[in-house]
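**Student:** Based on these hints, arrange chain F on the given structure of chain Y.
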Amino acid sequence: MTPQDTEYNFAYLDEQTKRMIRRALLKAVAIPGYQVPFASREMPMPYGWGTGGVQVTAATLTPEDTLKVIDQGADDTTNAVSIRKFFQKVAGISVTEKTAEATVIQTRHRIPERDLEAGQILVYQVPIPEPLRFLEPRETETRKMHALAEYGLMHVKLYEDIARHGHIATAYAYPVLVEGRFVMDPSPIPKFDNPKLSNSPALQLFGAGREQRIHAIPPFTRVVSLDFEDHPFERGGADADCAICAASGVYLDEVIVDDAGGRMFVCSDTDHCRERLEAGHRGPMGAPAEGEAA
Amino acid sequence: MTAAPGSAPVPVPVPAPGSALEGGFAQPPLDAARAFRALLDALSRPGRINRLPGATPPAPFPEAAGALALALCDGETPVWLAPELRAPDLRAWLTFHCNAALTEDAAEAAFAFGAPAALAEALDAFSIGSPEYPDASATLVVLLPGFEGAPLTLAGPGIDGAATLTLPEAVAALHAPNRALFPQGRDLFLVAGDRVAGLPRTTRITRKEG
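Order-wise, the sequence lines are chains Y and F.
1 is the number of the first residue of the first sequence in my numbering; add one for each residue after it.
295 is the number of the first residue of the second sequence in my numbering; add one for each residue after it.
Hints listed in this document are in silico derivations from the structure and should not be mistaken for laboratory results.
Covered, in the sense of this in silico footprint (three residues per stretch, anywhere, with C-beta under 8 Å from a C-beta of chain F), are these stretches of chain Y:
no.: 1; segment: 21 to 31
no.: 2; segment: 56 to 68
no.: 3; segment: 143 to 152
no.: 4; segment: 173 to 185
Yeah, the Cβ is synthetic: ideal placement off N, Cα and C, and Gly gets one too.
For reference, chain Y alone in the conformation it holds in the complex (with noise of 0.2 Å):
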């Protein structure tokens, strides 16, 4: 199917619509962790779903592109079929479960583990795009703080952690501030991923639905954990190997295997996983390729 036979419009959204979110992207791009406010649509799926992420999609995807959607990491749970199918067909798009041939990736949650390159564009479903929003629930002074610059209060929260527990308790949607200037939030990925926020060859885009925000941060742009000197960002994730491919240094997933508090650590990221399992890596509890000796 081509982009022309599809029964919708390119990409679902109207041309008006389209403009609207592409005018804010080009903003968010050229002020790096700010939220600009756009005129978020109803999809046809229900808020949490990523209808951020897939409006963003909509008004990036061109006629060119491979999709690939990822949910937490993986390209076969719910969310990631469907909003890969939906694209399918408002767009005629080829799709892809290959994070190396894909152009334009959605994620929800996760950073794909391999390395990504310049040209590729990874969009996060957001669902609080505002890091302060616990902390002060009023707009109108979220946006003054952001103004000013004004991030004590995001300090002291974290401060609040290393009182009660010892260490900043924030495991997801850690904070990180963006060239210097604005305080953003990641989207709720693991803070195991923050690192590879910054620097990174791809742009990346951010957009919640719910919330009617987007931002963006270019590629090759600063972006900081924030921390204390006597406490300094710590990346965590399990102390393990993937029990399937033996990958070390990933973000695993913790599945519960019997009643007796058995378990396991898997790969987050199922492409990276098959890819090491193609190449012939096996952990303890990788079941051999077939024509493979048990």
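**Tutor:** Same frame as chain Y, but now just chain F:
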């Protein structure tokens, strides 16, 4: 568009045949998507010069300025044209293809098109946004004869270390106030022929030594 029954018909200026009605995108949704990606890439990776084809606007608008207008301008974006561009043909073309809200008040412009000299003259009037909403600022589309002049060194977001872009000196002057204004400021697109480059407000420009 048809008038609602009972309302008086709105007089529509009749453009000269063969000028205003032609020269738009052949396949608007697809061509606009490609044009936007060329612009997004140019702005997120300053120093790169991308092709931006697909439009044939009336002279003296370059092809890339026409494609930019078709991709981004509409009734919601006041468009300011430099005095030398305010020809009936071009105004009619922008009105027909973009439904662009043309304005002669530089202060309300969302997009401003012109040569460096004309933009420089009105520069202080173009919006830089507010401290709370720095995105509500003008985008300047600078019409150039070509990417020629002084080699400038660019640094900042989107650039791995440093990049070089050859531009007339006057362009650097249009961008100069941004450094002190950030996060407010005006973003620039530079167009020549069917090519476009982007200079977001974050880019630091220095004259190349030697």
